[in-house]
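S.K.: Construct the entire structure; sequences and hints are all you get.
Here's the letter readout for the chains.
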Amino acid sequence: MSLNYSPAIAANRFGLGAKPGELGVIGADARGWLEAQLRGPAPALPAAGLRPSAEILSDAAAIRQQLQSQRRAAAAGPAGAAEEGNATAGAAPVSTEALAAIMRLPQLYRPIYIAEVRARLRNAVATERPWVERLVYFWSNHFAVSVDKLAVLGVAGSLEREAIRPHVLGNFRELLLAVEQHPAMLLYLDNQRSVGPTSMLAQRAARRERTLGLNENLAREILELHTLGVDAGYTQADVTSFAKVLTGWSLGGGDGAGPMQAASIGQFLFRPLLHEPGAKTVFRRRYDQADQAQGRAVLNDLALASPTARHIATKLARHFIADDPPPAAVARIAQAFERGGGDLPQVYRALIACEQAWQTPLAKYKTPQDYLLSIYRGLQLPVADGPRSIAAFDVLGQRQFAPGSPAGWPDRSDDWDGASALMKRIEFADAVAQRLGGTRAVAELGPQLLGATYSDETRASLQRAASDGQALTLLLTAPEFLRR
Amino acid sequence: MHRDHHVPINRRSLLKLGLAASGAAFAARYSFAAPAASPSRFVFIILRGALDGLSAVPPYADPDYARLRGELAIAAPAGSDGALALDGFFGLNPGLQFMHEAYAARELLVLPAVATAYRERSHFDGQDVLESGIAKPHATQTGWLNRALMNLPSTNRRGRESGVALAQNVPLVLRGSAEVASWSPSVLPDLDDDTMRRIADRYASDPLLARRLAEALAAGSLAARPQSPAMGSEAQDGQAMRTTERSTAGRYTEIVRTAAGFLRRDDGPAVAVFDTTGWDTHFNEGGAQGQLRTRLSVLDQSLRILKETLGDVWPRTVVLLATEFGRTAAANGTRGTDHGTASAAFLLGGAVAGGRVLADWPGLSARALYQQRDLKPTLDLRSVMKSVLHDHLQIATGALNHDVFPDSGAAPYIAGLLRADEA
Numbered sequence: 001m002s003l004n005y006s007p008a009i010a011a012n013r014f015g016l017g018a019k020p021g022e023l024g025v026i027g028a029d030a031r032g033w034l035e036a037q038l039r040g041p042a043p044a045l046p047a048a049g050l051r052p053s054a055e056i057l058s059d060a061a062a063i064r065q066q067l068q069s070q071r072r073a074a075a076a077g078p079a080g081a082a083e084e085g086n087a088t089a090g091a092a093p094v095s096t097e098a099l100a101a102i103m104r105l106p107q108l109y110r111p112i113y114i115a116e117v118r119a120r121l122r123n124a125v126a127t128e129r130p131w132v133e134r135l136v137y138f139w140s141n142h143f144a145v146s147v148d149k150l151a152v153l154g155v156a157g158s159l160e161r162e163a164i165r166p167h168v169l170g171n172f173r174e175l176l177l178a179v180e181q182h183p184a185m186l187l188y189l190d191n192q193r194s195v196g197p198t199s200m201l202a203q204r205a206a207r208r209e210r211t212l213g214l215n216e217n218l219a220r221e222i223l224e225l226h227t228l229g230v231d232a233g234y235t236q237a238d239v240t241s242f243a244k245v246l247t248g249w250s251l252g253g254g255d256g257a258g259p260m261q262a263a264s265i266g267q268f269l270f271r272p273l274l275h276e277p278g279a280k281t282v283f284r285r286r287y288d289q290a291d292q293a294q295g296r297a298v299l300n301d302l303a304l305a306s307p308t309a310r311h312i313a314t315k316l317a318r319h320f321i322a323d324d325p326p327p328a329a330v331a332r333i334a335q336a337f338e339r340g341g342g343d344l345p346q347v348y349r350a351l352i353a354c355e356q357a358w359q360t361p362l363a364k365y366k367t368p369q370d371y372l373l374s375i376y377r378g379l380q381l382p383v384a385d386g387p388r389s390i391a392a393f394d395v396l397g398q399r400q401f402a403p404g405s406p407a408g409w410p411d412r413s414d415d416w417d418g419a420s421a422l423m424k425r426i427e428f429a430d431a432v433a434q435r436l437g438g439t440r441a442v443a444e445l446g447p448q449l450l451g452a453t454y455s456d457e458t459r460a461s462l463q464r465a466a467s468d469g470q471a472l473t474l475l476l477t478a479p480e481f482l483r484r
Numbered sequence: 485m486h487r488d489h490h491v492p493i494n495r496r497s498l499l500k501l502g503l504a505a506s507g508a509a510f511a512a513r514y515s516f517a518a519p520a521a522s523p524s525r526f527v528f529i530i531l532r533g534a535l536d537g538l539s540a541v542p543p544y545a546d547p548d549y550a551r552l553r554g555e556l557a558i559a560a561p562a563g564s565d566g567a568l569a570l571d572g573f574f575g576l577n578p579g580l581q582f583m584h585e586a587y588a589a590r591e592l593l594v595l596p597a598v599a600t601a602y603r604e605r606s607h608f609d610g611q612d613v614l615e616s617g618i619a620k621p622h623a624t625q626t627g628w629l630n631r632a633l634m635n636l637p638s639t640n641r642r643g644r645e646s647g648v649a650l651a652q653n654v655p656l657v658l659r660g661s662a663e664v665a666s667w668s669p670s671v672l673p674d675l676d677d678d679t680m681r682r683i684a685d686r687y688a689s690d691p692l693l694a695r696r697l698a699e700a701l702a703a704g705s706l707a708a709r710p711q712s713p714a715m716g717s718e719a720q721d722g723q724a725m726r727t728t729e730r731s732t733a734g735r736y737t738e739i740v741r742t743a744a745g746f747l748r749r750d751d752g753p754a755v756a757v758f759d760t761t762g763w764d765t766h767f768n769e770g771g772a773q774g775q776l777r778t779r780l781s782v783l784d785q786s787l788r789i790l791k792e793t794l795g796d797v798w799p800r801t802v803v804l805l806a807t808e809f810g811r812t813a814a815a816n817g818t819r820g821t822d823h824g825t826a827s828a829a830f831l832l833g834g835a836v837a838g839g840r841v842l843a844d845w846p847g848l849s850a851r852a853l854y855q856q857r858d859l860k861p862t863l864d865l866r867s868v869m870k871s872v873l874h875d876h877l878q879i880a881t882g883a884l885n886h887d888v889f890p891d892s893g894a895a896p897y898i899a900g901l902l903r904a905d906e907a
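Here the protein sequences line up with chains A and B, keeping their order.
Just so we're aligned: 200 in this note's numbering is position 200 of the first sequence, and the numbers increase by one with no gaps anywhere.
Just so we're on the same page, this note's numbering is the position in the second sequence counted from 1, plus 484.
Once the Cα atoms are required to be at most 27 angstroms apart in a straight line, the calculated DSS-like pairs of lysine-lysine come out as:
1. 620/B <-> 364/A
2. 315/A <-> 364/A
3. 620/B <-> 315/A
4. 860/B <-> 620/B
It should be emphasised that the hints constitute simulated quantities derived from the structure, not laboratory data.
No experiment lies behind these values; they were computed from the predicted model shown.
M.R.: Structure representation (structure tokens):
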């Protein structure tokens, strides 16, 4: 008898972990099941009440303005503590009123963050297109922002909803542009106040003996992380030059960098006064466009450059095939990227056409997020209201939207297979099993969730278990359930 | 003020005994070496995100410093916002009160212009080089400290694991063949022994999981959760799935207390590693007041707690604090600094020949800067690491130059960084 691993691999490696019954739906044509998911509409997040980033940021702008006027009124109060980007309170002693004021931004953002993560989790448990959902998470991590920076706590979820979901089945060029113009990315990588050294604003400031200038954070991370990759051969001069290109890419709102423009508060806004004039050279090409068109032109070229294709292909292959992906698979995916001009469904089709993506033994160790979602889906656990439903991500070591750096979460086994991390999974699995007790038919669950990858050893250990609860713990901690 | 060395028998250690009694290879993994006399401890604290060395160790007397730094500049020692005085040229950031006391007590050695062998400006490649000890990024999957532990003489080996990472997953610097533990606080209940034994049985045919589970059980028994005040209060909080709420200061305090708990044990590891983050100050960095000072002050307070908690082990302890690279010499356009090259590093601890600033200061004039923008490195961090590993952990010179830091001829061992009785 030859075992057919494909349904389990489709559900667990490409999807988010099998739901009971899903392997049956997949049936004999696992690639067809994945293929069909690529044909539907863009995967919106079905959740009432999630607010647009512009709305959230205009609330934040209003709070900040109030704080500023309070501060002016108080005149001598300690300054700067509630500035965005500064998640910790100032070192100087702070009055109770000032502290309450400082807390107003986190108080605005935190419930929004919790609602975003909860809606995303609910959707992950229910979705019939888990492969597309995993692709959304892949891109969300590729274009990572991290909520340990307070300024993005309220808008990290909306970056995914507003910039990534609409383009995950579209073209990389449009995906890239949408992300780099999203307020969350501009705030996270500090571009909103980057000023051209000879721009109008810098010249005005110089007359008042103030120096304004570049912040190269966004430009560097676009080159290194979002497009070409670190080894593509760009130089510090390219970074600086690209930073100049991107001056003026900002957002509306009274943050001192230009006139208040009510219509654009919290939205992408090109500010010509901040823009460094003149032609610039980035990665061996000269750009003489004016204003915002210059940045768009650079992003267009970066999106379609060969190093970008290789960079993206390598990351996709690492995510779906192996930590050290086979060069042939990388080449094939990169070729599809270039041939299709960044058309993402063609890239995904090249990926699922790679034989190496369908092999066992299971090469990828699940991240905490993978692990948690596969438990939630496999057991169809309810996602309760309130913060507790999402606390498990923290406990297992992958607080949502908080990779801590613009590089996103790492994607190799040895970043996740630590001893302490394993113990947390075991303890978590056991806590879930204790809670559910005998409410699940565990003997049937093994084959339903793991298909042909369900091993005889695990089957035997479940059969010998002292209770249904213990059997469930053994299933959820089985080697084949920890991997995909 | 602190606890003794005995661990009360808890569930984990019972489990350990039970597993050992069940025989097989598992038992061997659990036998701790007999306590030996050697007491050297080493703590490596990684400052991820590129610390601004020019603000941590302001060279206030450099003629170009104030001009380059503008409002980020920290002034000469005077009043509450001036630098903390060191040697008349360099100072410490005013947030580093404890470090300043340690300097006065000759327990802090300040290294104001160091770098790894890495000369580009990517955080992620830079951290890889800092941790791997190899000049080329992503050239290896093992870390210099693990390779050093492979060469740890038996006199310096106390427990089965010679190193511990205070994290869920082991960072690159400690990855490799030498057995290391990883430990992070848990808010979840323990399993019953029978279930854990069955999981261990199932993992017997899976080498990775078998090894990780054994490490986790060993670390769990070493960590002695009930003894630590921080852990105790958390364990009492039955609802406590709320790491989100924990402040950075609280988290660091918990980590250093736990690290000290490991290091104090007779059968514990000789080496501990943990991370700190938030040093990537592109925007609103602040000077004598502000964001970076606040973060430095949080770090400083946790170092004070580390010293207090290590107690009588402190005199035999070396702490190295280092970052992947420094930041631009000039402030950028948004009251912060961008990615640069040389930064500051620190050696702290009772075993350090401190009270000195070790600098071949390159200066901050336009021609002295690296690529006209960054502080130029004049000391290779690998030299500092070699010296500590050699003098403190007694790693042999041959092993240092071949296994731990291959191709590091440019980074020679430096004598005299530690107290004479150390070397």
